[in-house]
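A.B. asks: Please construct the entire structure, taking both the sequences and the accompanying hints into account.
Note that numbering that gives the first Met the number 0 numbers the sequence shown so that position 338 is 337, with each residue one more than the last.
Computed cross-link-like contacts, BS3-like style, restricted to lysine-lysine with a CA-CA straight-line distance of at most 25 Å:
1) Lys-6 / Lys-301
2) Lys-116 / Lys-150
3) Lys-45 / Lys-105
4) Lys-130 / Lys-6
5) Lys-130 / Lys-58
Quick list of the computed label-pair ranges, beta carbon to beta carbon:
6) Gln-210 / Phe-162: 23 to 29 Å
7) Gln-261 / Lys-150: 26 to 32 Å
8) Gly-226 / Phe-162: 25 to 31 Å
9) Phe-89 / Arg-59: 21 to 27 Å
Derived by calculation from the structure, the hints in this document are not laboratory data. We put the beta carbon where it would ideally sit given N, CA and C, even for glycine.
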Amino acid sequence: MAMRTYKYRLYPSASQEANLFRVLNAARNLYNMALELRKVSWQIDKRSVPLKDLYELAKRYREVFPYAQQMFSQTAQSVIEQVDAAFQAFFRRLKAGQKPGYPRFKSYNRFNTVEFKQFGNGIRIDGKRLKVFGVGRVAVRWHREMEGVPKTARIKHTAGQWFVCIVCDVPDKPPLPKTGHAIGLDVGVSALITTSEGEKVDHPRFYREGQQRLRVLQRRLARAKPGSRNRRRVLRQVQRQHQHVQNQRRDFAHKLSYTLVQNYDLIAVENLRISNMVRNKHLSKSILDAGWGVFRDLLTSKAASAGREVVLIDPAFTSRTCSNCDAIFEHFDLSTRWIECGV
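C.D. replies: Set out below in structure tokens:
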């Protein structure tokens, strides 16, 4: 069995959208309350509040506050688990010597997702609509067939639009027939990938192409009065422009990775440390615009489901190593384009 997520667009009515925002605000308030309880408890008593006490807080929260009763009980439990996961990640980074990043409180524009841990409890498919606890029967655009057994669901609000992400248990499909071909990929900024067969796939540069419109929108946003309706409207336009670029990049990566998986049994690609490479101020925009990480993740997941193999190669010395005899060229830099191996 494999886990697969299906994302669908929701079209709530005005009253349903108001209910969705109430559920979202109730979940956000509970998150901040649980975070405050752990923070104050440690500051005063040097005691960490156990998870069972936070579950009790969620239960009392729904009993005392009428607006919180619109939030499903398991949704409240998932909020508590998000707080606990944030603290576990904080302590893990602290022990590893990394920048710890203490869990932060969530403002209204930094909390946009509610979770239903069991599909069928609090959320289910009712005909052609999605019935959500405390909200009603919401219209959905079922643009693709959902396979497998639904397990969990998340409702997300982004750029003024609502989506549902349903995680399903999908049976493993038979592997694709062998092609007998292998390929190596070199990712870059001038060309997105260069294959070992000499072919190049151009870097689409979606962000740079949309940057002119983004500049105009950001100037409008800077001039808008804070708190005004016009500022909220322009902010949504900026968010949707970023979302459009993200969708373009993911769509391109999906299609490219699908083509590679269909045609090759083994795919070798460099295991680049992208988080370190984007510290270069001259190349960071081009690297992030290329979407190396998105492409690598999609390629790996598609290959696993199709019975293909993706090999991540350590990038150290790959440019200085002879492809025939593995000899390392000592005096070699990026300005060198041709070299003959004397071994």
